[in-house]
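Residue numbers (UniProt numbering), protein chains in the order written: chain A, 1 to 112; chain B, 1 to 124; chain C, 1 to 158; chain D, 1 to 93; chain E, 1 to 973; chain F, 1 to 542.
Treat the hints with care, as some may be off.
To be verified - Selected chain E positions facing chain C (in silico; Cβ < 7 Å): (1) 832; (2) 877; (3) 880.
To be verified - Non-contacting residues of chain E with respect to chain D, defined by C-beta distances greater than 12 Å in every case (computed): (4) 60; (5) 353; (6) 436; (7) 530; (8) 662.
Unchecked claim - Okay, derived cross-link-like pairs now, SDA-like style, lysine to any residue, Cα gap no bigger than 25 Å in a straight line: (9) 50/A to 61/D; (10) 126/C to 804/E; (11) 47/C to 370/E.
Hints listed in this document are in silico derivations from the structure and should not be mistaken for laboratory results. In this text, all values refer to a predicted model and were calculated from it rather than measured experimentally. Where a beta carbon is used, it is the ideal one built from N, C-alpha and C, also for glycine.
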Amino acid sequence: MELILSLAIGVMTGCGVWLILRPRTYQVIVGLSLLSYAVNLFIFGVGGVKSNMPPILAGDVLPATLADPVPQALVLTAIVIGFATTALFLVVLLASRGLTGNDHVDGREEQR
Amino acid sequence: MMLPISDFPLWAAIAVAIFLLLGAILTLIGTIGFLRLPSFYERLHAPTLGTSWGVGGTMVASIIFFTVGTERFIIHEILIGIFVTVTTPITFMLLARAALHRDRAEGDQQVPHKIEVSGTRDPN
Amino acid sequence: MLPFPILTFCLMMMWMLLNGFTLGHLILGSLVGFAAGWALASLRPEKPRLKKWYLLPKLAAIVVVDIFRSNFSVARLIVMGKKRPNSSGFILLPVQTENPFALAVLAVILTSTPGSAWLEYDSRNKTVLLHVLDLIDRDEWVAMIKNRYEVLLLEIFE
Amino acid sequence: MSAIILLTAVSLAQLIFALAMVIASVRMLRGPRAQDRIIALDTLYINAMLLLVTFGIGTGRTVYFEAALVIGMLGFVATVAMAKFLMRGEVIE
Amino acid sequence: MTLGPYILVLIVLLPFIGSLASAFILNTTSRDLPVAVAATVTACCLALCILAYPNVVDGNVLRFEAEWLPQFGLNFTLRMDGFAWIFSTLITAIGLLVVLYARYYMSEDDPIPRFFSFLLAFMGAMLGIVVSGNVILLSVFWELTSIFSFLLISYWHQNAAARDGARMALTITGIGGFCLLVGMLLLGNITGTYDLDKILASGDMIREHPLYLPTLIFILLGALTKSAQFPFHFWLPNAMAAPTPVSAFLHSATMVKAGVFLLVRLWPALSGTYEWFFLLGLAGMLTLLLGAYFAIFQQDLKGLLAYSTISHLGLITTLLSLGSPLATVAAIFHMLNHATFKASLFMAAGIIDHETGTRDMRRLSGLLRYLPITATLAMVASAAMAGVPLLNGFLSKEMFFAEAVETHADSWLDRILPYVATLAGAFSVTYSLRFIHTVFFGPKPEGLPKSEPHEPPHWMRFPIEFLVIVCLIVGIVPSISIAPFLATAVMSVLGAKTPEYSLAIWHGFNIPLLMSAIALIGGVLIYVAIRRYLATCEDGPPFIRRLRGQRIFERVLVAVSWRWARWAESRIGTRNLQPQLRWIVFIGFLAGLLPLWFAGFEARPFVFTGVDPAFAILWVLGAGMSLAAAYLAKYHRLAALVMLGGVGLVVCITFVWLSAPDLAITQLLVEVVTTVLILLGLRWLPKRNALLVDQMTIRARARRFRDLVLAVSCGIGMSFIAFAVMTMPVPDAIANYFLENAYSEGGGRNVVNVILVDFRGFDTMGEIAVLGVVALTVYALLRRFRPAADSFAVPEQQRIQARFDEEQPERAPGDTVRDYLLVPSVIMQWMFPVIITFAVYLFMRGHDMPGGGFSAGLTMSIAFLLQYLAGGTRWAEDRIRILPLRWMGVGLLTAMATGMGAWLLGYPFLTSHFRYLDLPLVGKVPAATALLFDLGVFMLVVGSTVLILVALAHQSIRINRLRAMEAAKAEER
Amino acid sequence: MIQWSHHLIIAPILVPLLASALLLFLDERQRVAKAMISVISTLFLVLIAFILLKIESGPNDFGGVYLLGNWAAPFGIVLVLDGLSALMLFLAALLGIAALVFSLARWHAKGAHFHSMFQLLLAGLNGAFLTGDLFNLFVFFEVMLAASYGLMLHGSGPLRVKAGMHYIAVNLVAALFFLIGVSLIYGTAGTLNMADLAARLPQIEPDRLMLLQAGAGVLGVAFLIKAGMWPLCFWLPTAYSAASAPVAGIFAILSKLGIYVILRLTMLLFGDGPLDGFGANALLLGGMVTLIYGIIGVLASQALGRLAGYSVLVSSGTLLMVLGINDGVVSSGALLYLVSSTFTISAFFMLIELVERGQDAGANVLAVTMEAYGEGDEEGIDEAEGVTMPGTMAILGLCFAACGILLAGLPPLSGFIAKFAMLTAMLGAGAIGVPPTAAIWTLIVLVILSGVASLIAMTRVGIRTFWGSLEGTVPRVLVIELTPVMFLLALTLLLTVWAGPAMQYMDTTIRTLGNPASYIEAVQKAYRVPGYQSAPTQVGDP
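Here chain A stands alone, though its shape is the one from the complex (with noise of 0.2 Å):
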């Protein structure tokens, strides 16, 4: 599992940061959205991986076998952050746009 998860979370990595590397803004926000998705991950996969352990404690139920659940509000204040911050780059990305007629991070049309 652990193999799995960090591959995958490698993989979003490295889609986000060739993403947020290119010229056009929305390929910024994709890249973003993707590094987010991988950070929130990495944070997730912190505490351990245990599956079908979700810390709700019940009466019979040790609680020291749980997942460990301080990551798990980690991610939950990160998924909050990052669903703003995305909101508002998007945002102005369109300002951004409406402002400079194009869709480059520099605000350029460039002769690739």
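Given the coordinates of chain A, assemble chains B, C, D, E and F onto it according to the supplied hints.
Just chains B, C, D, E and F, lined up with the frame of chain A:
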């Protein structure tokens, strides 16, 4: 509170397995059809296998499983069934109509015409 | 006071399905259902008039059976793959009702049933464009839909 | 015996759903048009939901139910928005 | 005398107070008020100096000390000894004369208050240098003189020359000041103190210290720049653009003397080594000679005086370099003498300029007949400058010649000194003669800007008269005029080393007298020889006229500080986003992996924990889709968005699979909302055409390849670290505490939720603040939003459909869309209450089961969103009036009020309370304040999300309105 | 029960948060009321921060540890007030009030929700200064950043939006780094509390420690982006110069937040123990390069705004280098420098706007933006008309000169004192007989060079601005625009006069920081308020 699965009565286990697999297999067939059917309008039909029987079978399996397992009447899965049944058509309808519009706009001869003005746009 | 009693009841049922059937949740569910009913009222939707609501189970039963059947037929078609005759096609289905609820239910039924898909409704001509996967006889399809569903729907909603 | 049956059925079903998702995603990658991709996404949502329900059966827990319910109830919003975008070029008019 | 120390403080502070006072005299109509202030202040300072004299005779020292920055030995220490006294008196006395002179010199149009304000401030700074008892304090005043001299030189800032001259002066003296500071710091390092007295007492220690040389160099840099010594001399002639009183004050008597003053001040601590002699001597001699040489060929009166000043300062420097006490006496004496005659000469030059309107010696001649008195005074002063006997200049020059022939250090530099001295003396005679002869004698001047020059008012001439008289008195009867004061000064510098010397005019026939004679005769001869050439030649010395320090300096400055800087900035910096992000990612990559590399990372033995095939398949899918999203994002935006949705779904399943149902729910909801958001945004992005793929240059290819390498390495690195950290169980983490106490103390069974609303509720508070502020930003930004031209039009689909409706006679406009949404909107409307119910459900169970305020809030906003989708903005807003800002405000307040409620019970912020309530009929119901907090979260989330979505959705309506407005405008035209 | 005064620790966060919540209830048109709330809240902040500072300069090392939610240290979130945080709070409050008053003249009306964002920015800053928990730090960083995004874009216009987009993109990536770093640290140390982390460091096995270092490295990058270390700093001059004047004025402290965190964490975690001196060389080298880049940039800037932006880099570079040298006395000098340069840069940014208002180019750009992007639904922006005061130019010139003097580190203002304090600690009387190392020599040379560069650039630009164009009209300036600038400059003067006491405070602060044990102990010993009524201990179905 949950019955260990080894203590399940055999009939229940078999019923769960049958419904589950039936649903799963129909879903799979549906997606295979979705992959293989040649035109969009034909492909539109395939996933409904999953939304109808796939969901249904799985729901039933789950209801049986949990009802037997907890020895209480647990049927809240039915909600999933209801919602899927009610909401999926919206997507399909809207999408089919959109596809129709796009095909017509492109002048595709395969689709029934109500001659709309031609012009091309692919927001894709 | 209670804009949508049936809805409120359904929401209460939903609440209890989710939370469990206790007295507390009955009260809570009713409150929530009541509030949600008012929320819907603020949208000012057309009120459905259910004339013969007792026919609904009959419709449901028919639909379940149809879905069951068509599931297998479509599955068969898919499994057959290339060997099957290319028999799909479009049908223009004239509908009598203009009641949006009846149309909605019809749409749900037709879309949920594998093998038929609702493409377009034309309010001027009162027609629905359908796409059918296994179209052997257009008229038979039209007749089937009219007889099996529309008649019932007209009875329920008009 | 029932354990074996149940476990086999559940893992088989999970596998099948996962496979179905892969197939749907192939269509998603292949397109050819946007509508195909959106339908594929919808299918993916349904299959994911079924996978979650199956996972719930496999673990014998009901805590995963809400996740499935959320997909069932709200998953369509994203695809509806996409469909409307295709049709009207604008999501909210 | 107990009053003594306060005299010091007053001397330093009074000028600054006066400066402020005159700065606030805004009414420029009165010319006399600022003059009165300045004169009073200066006179007071002079009086104070005189008062202080009894305290400094016989090597006594007047001290004042106040703590300033005691930790670092920087105290406000003032200290006046004989040397400081004589300098302060000089400064204040000449200051007073200059004030008087300036009263008449400055024209009606000049802003007088500003002038006197700067002048007084400068005087304060100068006095500060002189009486500082702490070397750092000295540096402070040192820099202040640079600043104020900048302001004074640039007083006529309309004049480009004044601006440039001021800037150059500031740049050079400022840099010198920095060097001086470093030098002082090094002195501090060597001696452990900044106190002047202590430093002066530890001269031997300083000279033997390994840091002596750097210290010396830095201090000399400071002193030499200030005193305009070669090779830093060129700023002084350019500073002549200043008003003449400023030149008279700063560039003859005071500021340029600061450098040599410092050298004298630190003479006991630094002098006497070969390095001292060599560095200082070389600079001094070169300056002496070059300054005099350059002075001959100046055509500007003030230019001549400026170069002569440079030369004289070179003389003083040379004297100081010798390291002999007697030379030091000569140096001090010459400083005083130079101040008197040069100040008077500057003022005379000012009068000439004032009366004739020019300072160009090619145009001036025969002024004696117009300005007899001024001419006489100027002649006496120049004679002093030339070193004619019976004038003060002669005395100190004689002492210099006497020292020059002595041997001080065995070096070629020492050996050539007598010749250099004589030559320079001759030059000085030449330029003095030239000054007098050209200006005052000869035919009537022609073509002067002002036709009839006449004598200035008497009080304008008075300062010159006074100074010339001083020159004469000192020159004729040195022993009864200057001698006691000089003795006091010398005593305080040299202490026990004070040599025997005599200030007599006549020492008999000796070599110095011979040298004087040679210089006098030689000078006259030179002048006669080149007189004709001088009358017409260009400004500047022959042969090296093109080689001007100023020009070189400016070229270098422009090259280094402008061209090179701009070039370098463009090389090592960027204003584009892509390279920035590339750097950031790269550095992040290094920062993550280098520590592992350095520490020699060794992975723990690999344990294969088994792979769930379904999960593996899922991630094959996820990876594929993220690759596809990366591939498609450029040309197929919608497809990329779909892919992104797929990846999100897989992530969400992963959360469920790995025991995080809460995360899964939240992720899903966020996924839905984000997708709709991006779709809303896609409306305003132009479509991209994949067919327009242009030719890729090799550079672009290389760049892409580099990005690819970077992306792949980041991916691998991240996988690696993720794997490493995942295979290590978290060590006795705080997690266990949460798991054990969530129910007993937090009252909830969903530990994640308890952490969010209770254990770490403060995080959640911050998080909702983030969401809120982002919503506000989005709203604010979109209020001014204007789409680009190519997305301004109605979307093509809508146009086609509208045209279709128009063309069909039986259809009304908008039928297509109405039919399109007829059936779906019914369902969507009826989903509204259902989703609300579900939101309430999610909210209520949050504390015990997956759910919570955040997911409930998102669900709620999706319910609203769906209505917008179904009916459009107008329709929805006719029916449901959501006031997102209110929701947000109430939410934030609720959350905070919950937190603050704990205060009432004496607990810290956010302490939660929990109990079961026994409700009739219902039974026990858990009631935690955390639930109230969660309610705040819920409301804020609803408000913010709706605000963002609605703000975006409103753009369509706004554009329609704009379009209509623009159409109307076009019609009007 | 705890004393009421104890709650004062959290007040710097709550007051602006409360104000921003209240502001949401007011309509955009109720501008006066909004401004009132904002000003009152900020004044309150100044007062609170002052009291906290007073407490800190008292005999105790720690003003207090605040256990949020009444949870003991490593589990709940703690706020820790020590000398450093009190200082930063005070600094932020002072800048806050200055920038806010400045904005009241016209800027606050140039877009929606200025005051809410401003208050949230202050809340975020204060939270980041106070918190003793790594993840909470992230959260408050984000609050601060989110608000700064809004403020950065405040006023709109193409330049601002483009710069804002870069700023946001860069900071989003930085936030991801932050998350990766924090989670790595949690994964290897099992705690998020800074004090607890420091206490646990010695017990961590080597292979875990490596990963922790990796985490710390990545985390450091996030802060260095904020602080503006080369090559992570290219966004900074552009963003700061594009932001509106009051915003740039308050932004002056944002880069210092990065420095603050680095200072806090290095002193706490890498002071001694297994990670002694971790990353110090990187800081030293990075600071050096940053300083060089800043110097080059200062020289190469044509526009005043960019000059100011590069000055931020100069000050960051200097501070980073000093942190890299990692010497107690030097650091206390650096703290003084931090305060002084923050005031300077803030005042400078606001001044620039006033000065450039008189120049035609600037005015034109503004007018064009207003015309092109002002909307119909924009309720009439009343151009607050400034009166051409007599002597406006003189006062502006004086302020400009003061800024130049401060930036160049010339006396008599605090720029000199701060530089002197740092330099003397390195080689002067503060370091008797310690021969300067190569690093120190480099630092000295660079510090001096930076002063020279600022001097050259400021005179060049100043002469061009004030004296170059005679036809430039006298800018219309309001008193409430000039006052904040002069207020900040007066503060630097005060800092000069009271250099001794100020330095004393810095010294104590650094000494406390240099002894992490006391910090750790204070956090660990902080007691929960007893008498908490706990819920049933039995876990089960309700």
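Do the hints match the structure? See the list:
| no. | hint | verdict |
| --- | --- | --- |
| 1 | 832 | 6 Å, holds |
| 2 | 877 | 11 Å, violated |
| 3 | 880 | 6 Å, holds |
| 4 | 60 | 90 Å, holds |
| 5 | 353 | 78 Å, holds |
| 6 | 436 | 92 Å, holds |
| 7 | 530 | 90 Å, holds |
| 8 | 662 | 9 Å, violated |
| 9 | 50/A to 61/D | 15 Å, holds |
| 10 | 126/C to 804/E | 18 Å, holds |
| 11 | 47/C to 370/E | 114 Å, violated |
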